[in-house]
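Participant: First to last, the sequence lines map onto chains Z and F.
Per full-length UniProt numbering, numbering through the first sequence is continuous, rising by one, with the last residue being 105.
Per full-length UniProt numbering, numbering through the second sequence is continuous, rising by one, with the last residue being 395.
Treat the hints with care, as some may be off.
Stated by the list, open to error - Simulated crosslink set (PhoX-like; lysine-lysine; CA at most 20 Å straight-line):
| no. | chain 1 | residue 1 | chain 2 | residue 2 |
| --- | --- | --- | --- | --- |
| 1 | Z | Lys7 | Z | Lys37 |
| 2 | Z | Lys20 | F | Lys197 |
| 3 | Z | Lys84 | Z | Lys37 |
| 4 | F | Lys224 | Z | Lys20 |
| 5 | F | Lys380 | F | Lys289 |
| 6 | F | Lys224 | F | Lys277 |
What the hints assert, rightly or not - Pairwise CB distance ranges (calculated):
| no. | chain 1 | residue 1 | chain 2 | residue 2 | range |
| --- | --- | --- | --- | --- | --- |
| 7 | F | Ala72 | Z | Lys20 | 54 to 64 Å |
| 8 | Z | Ala8 | F | Lys197 | 23 to 33 Å |
| 9 | Z | Tyr75 | F | His89 | 49 to 59 Å |
| 10 | F | Glu185 | Z | Glu65 | 50 to 60 Å |
| 11 | F | Asp183 | Z | Arg15 | 28 to 38 Å |
| 12 | F | Phe93 | Z | Lys20 | 17 to 27 Å |
| 13 | F | Trp387 | Z | Lys37 | 50 to 60 Å |
| 14 | F | Phe93 | Z | Thr18 | 18 to 28 Å |
| 15 | F | Glu193 | Z | Tyr75 | 52 to 62 Å |
| 16 | F | Leu201 | Z | Lys20 | 20 to 30 Å |
| 17 | Z | Pro94 | F | Glu195 | 54 to 64 Å |
| 18 | F | Asp188 | Z | Arg42 | 50 to 60 Å |
Just so you know, these hints were derived from the structure itself, not from any lab.
Cβ atoms here follow ideal geometry from the backbone N, Cα and C, with glycine treated the same way.
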Amino acid sequence: MAESPFKADIERAQRELTEKMTPGAIVYIPGSSVINKTGSWRVFRPEFHRDKCVRCYLCYIYCPEPSIYLDDEGYPVFDYDYCKGCGICANECPAKAIEMVREVK
Amino acid sequence: MPIRKVMKANEAAAWAAKLAKPKVIAAFPITPSTLVPEKISEFVANGELDAEFIKVESEHSAISACVGAAAAGVRTFTATASQGLALMHEILFIAAGMRLPIVMAIGNRALSAPINIWNDWQDTISQRDTGWIQFYAENNQEALDLILIAYKVAEDERVLLPAMVGFDAFILTHTVEPVEIPDQEVVDEFLGEYEPKHAYLDPARPITQGTLAFPAHYMEARYKVWEAMERAKEVIDEAFAEFEKRFGRKYQKIEEYRTDDAEMIFVTMGSLAGTLKEWVDKKREEGYKVGAAKITVYRPFPVEEIKALAKKTKVLAFIEKNITIGLYGAVFTDASATLINEKEKPLMLDFIAGLGGRDVTFEQLDEAFSITRRALEEGKVEKPINWIGLRKEIL
Numbered sequence: 001m002a003e004s005p006f007k008a009d010i011e012r013a014q015r016e017l018t019e020k021m022t023p024g025a026i027v028y029i030p031g032s033s034v035i036n037k038t039g040s041w042r043v044f045r046p047e048f049h050r051d052k053c054v055r056c057y058l059c060y061i062y063c064p065e066p067s068i069y070l071d072d073e074g075y076p077v078f079d080y081d082y083c084k085g086c087g088i089c090a091n092e093c094p095a096k097a098i099e100m101v102r103e104v105k
Numbered sequence: 001m002p003i004r005k006v007m008k009a010n011e012a013a014a015w016a017a018k019l020a021k022p023k024v025i026a027a028f029p030i031t032p033s034t035l036v037p038e039k040i041s042e043f044v045a046n047g048e049l050d051a052e053f054i055k056v057e058s059e060h061s062a063i064s065a066c067v068g069a070a071a072a073g074v075r076t077f078t079a080t081a082s083q084g085l086a087l088m089h090e091i092l093f094i095a096a097g098m099r100l101p102i103v104m105a106i107g108n109r110a111l112s113a114p115i116n117i118w119n120d121w122q123d124t125i126s127q128r129d130t131g132w133i134q135f136y137a138e139n140n141q142e143a144l145d146l147i148l149i150a151y152k153v154a155e156d157e158r159v160l161l162p163a164m165v166g167f168d169a170f171i172l173t174h175t176v177e178p179v180e181i182p183d184q185e186v187v188d189e190f191l192g193e194y195e196p197k198h199a200y201l202d203p204a205r206p207i208t209q210g211t212l213a214f215p216a217h218y219m220e221a222r223y224k225v226w227e228a229m230e231r232a233k234e235v236i237d238e239a240f241a242e243f244e245k246r247f248g249r250k251y252q253k254i255e256e257y258r259t260d261d262a263e264m265i266f267v268t269m270g271s272l273a274g275t276l277k278e279w280v281d282k283k284r285e286e287g288y289k290v291g292a293a294k295i296t297v298y299r300p301f302p303v304e305e306i307k308a309l310a311k312k313t314k315v316l317a318f319i320e321k322n323i324t325i326g327l328y329g330a331v332f333t334d335a336s337a338t339l340i341n342e343k344e345k346p347l348m349l350d351f352i353a354g355l356g357g358r359d360v361t362f363e364q365l366d367e368a369f370s371i372t373r374r375a376l377e378e379g380k381v382e383k384p385i386n387w388i389g390l391r392k393e394i395l
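Work out the full structure: start from the sequences and follow the hints.
Facilitator: If you want it as structure tokens, here you go:
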């Protein structure tokens with residue numbers, strides 16, 4: 001399982017960032033937006049079917065977040081903490097290995 | 001030694017900017033303020049002022065460039081008026097919200113329609129809710145002095161808000177008066193080198209400015225702007241005191257004139273205060289207990305000073321060159337709100353005068369006086385708002 005490239009940033013931001021309002025709402029901790037888990041905005045969730053994947057990396061390249069990483073074997077891993085469910089990966093996938101499924105809460 | 005020169009308020013404002021040594025000036029020409037950036041561009045071209053002078057394609061861009069430069073960490077300056085200020089409107093909120101101490105000179109001018117290039121205060125009054133500190137100058141010397149004071153207050157760590165200094169179109173912008181230009185060294189001591197503590201561009205210390213705030217944070221950011229403006233009241237008094245110590249000229253949020261035993265006090269702002277004081281002298285000679293007061297700082301509104309003024313008199317009458325369509329003049333409205341919970345308050349009257357550059361004459365002030373005197377004698381106000389000098393025959 002690939003690890004989030006933001007892991008160190010998340011840990012640092014969680015350690016350093018306070019909610020204290022600064023003059024001008026300036027954020028003094030670089031990269032601290034990683035603690036804002038935008039995955040909660042998602043309506044549709046990409047479901048990955050490994051058996052259909054041809055490892056073309058198009059999903060990885062097109063993901064605008066980016067919330068798709070590659071594991072050791074070159075398969076995509078979806079980071080649901082930040083995936084907003086835009087569906088670009090599913091649209092681009094030539095092998096139809098990604099299916100958008102409505103989130104049920 | 002300070003030198004004295006005969007100059008227009010526009011030139012005085014340019015001199016003030018030169019003395020404050022901003023690093024970026026971005027401005028767009030507009031009547032009656034054009035001479036301010038014109039003169040500054042001369043200073044820059046002559047090598048008398050080491051700054052970037054950015055020629056922009058609109059006022060919206062002028063203030064946006066100042067926001068960018070101030071956020072990068074330098075002192076900035078701009079000037080505009082009327083429609084130009086209105087075009088800046090959305091960015092004015094951003095400058096205040098990002099807590100950027102930009103200073104701007106305004107040649108107070110009426111707003112269209114109909115098109116009118118002459119004086120009233122509708123332009124700056126219409127920006128009263130943007131979070132900018134507002135000063136109003138009575139004469140050309142005040143235009144220069146208040147710009148220096150504006151920097152001092154705006155850049156104070158307790159404040160960090162932008163400030164505008166208004167001076168009346170043509171009556172001041174295009175009228176020459178002797179103006180004392182202070183020594184550069186004294187101004188340097190007064191203002192100090194600009195050291196941005198909150199807004200800067202430094203790759204070694206990266207920060208994010210102009211952030212998005214969700215409902216969970218927006219109110220707190222706005223509260224802090226409001227709180228900073230409240231704190232500005234004290235900081236302005238300190239700046240006035242220090243200015244007087246260094247330069248010998250005294251400023252107050254509200255300057256009173258012959259108010260001690262006054263039964264009627266007339267309150268105004270800007271150059272009209274000069275006319276008003278002379279008229280008060282005339283009324284005193286006629287035997288009436290009349291006083292005058294000039295509001296120098298309109299935002300933050302001088303709440304305590306208005307309360308103190310109200311305690312001194314039986315009628316408080318406002319003469320103002322603006323109108324909030326659908327209610328009264330803004331100064332009267334604000335002063336009324338200030339006094340609403342006071343146990344004893346004077347009768348209050350509002351006079352709308354001098355819109356679009358109409359001269360406010362002694363005859364018009366006498367018109368206001370007769371209405372005010374009637375209120376005093378009858379102990380009540382029939383109609384709080386009156387337009388004076390109105391040409392009823394062409395209505």
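Participant: Now look at each hint and say whether the structure bears it out.
Facilitator: Hints and how they fare:
Proposed proximity of Lys7 of chain Z and Lys37 of chain Z is supported: the alpha carbons are some 13 Å apart, at most 20 Å. Proposed proximity of Lys20 of chain Z and Lys197 of chain F is supported: the alpha carbons are some 17 Å apart, at most 20 Å. With a C-alpha separation of about 10 Å, the suggested pair Lys84 of chain Z and Lys37 of chain Z falls inside the 20 Å cut-off, and the hint holds. For the hint pairing Lys224 of chain F with Lys20 of chain Z, the CA-to-CA distance comes to about 11 Å; that is within 20 Å, so the pair holds.
Pair hint Lys380 of chain F plus Lys289 of chain F holds up; C-alpha atoms about 18 Å apart against a cutoff of 20 Å. Only pairs whose Cα atoms come within 20 Å are accepted, and Lys224 of chain F paired with Lys277 of chain F is rejected, the gap being roughly 38 Å. As the Cβ distance of Ala72 of chain F to Lys20 of chain Z is approximately 24 Å, the hint placing it in 54 to 64 Å is violated. Checked against the hint of 23 to 33 Å, the C-beta distance between Ala8 of chain Z and Lys197 of chain F comes to roughly 29 Å, which is consistent with it.
Range check, Tyr75 of chain Z to His89 of chain F: Cβ separation about 53 Å, and the 49 to 59 Å hint holds. Against the hinted window of 50 to 60 Å, the Cβ-Cβ separation of Glu185 of chain F and Glu65 of chain Z comes to about 55 Å, which satisfies the hint. Look at Asp183 of chain F against Arg15 of chain Z: about 51 Å separates their beta carbons, and that is not inside 28 to 38 Å. For the pair Phe93 of chain F and Lys20 of chain Z, the supplied restraint of 17 to 27 Å holds, since their beta-carbon distance comes to about 23 Å.
Between Trp387 of chain F and Lys37 of chain Z the C-beta distance comes to about 59 Å, which sits within the given range of 50 to 60 Å. Between Phe93 of chain F and Thr18 of chain Z the CB atoms are about 26 Å apart, so this pair conforms to the stated range of 18 to 28 Å. Roughly 57 Å separates the CB atoms of Glu193 of chain F and Tyr75 of chain Z, a value that falls within the hinted 52 to 62 Å. A C-beta distance of roughly 23 Å is found between Leu201 of chain F and Lys20 of chain Z, which places it inside the suggested range of 20 to 30 Å.
At about 57 Å, the CB distance of Pro94 of chain Z to Glu195 of chain F agrees with the hint of 54 to 64 Å. Asp188 of chain F and Arg42 of chain Z have their C-beta atoms about 57 Å apart, which keeps the hinted 50 to 60 Å range intact.
When held up to the earlier numbered hints, the structure conflicts with 6, 7, 11 and fits the remainder.
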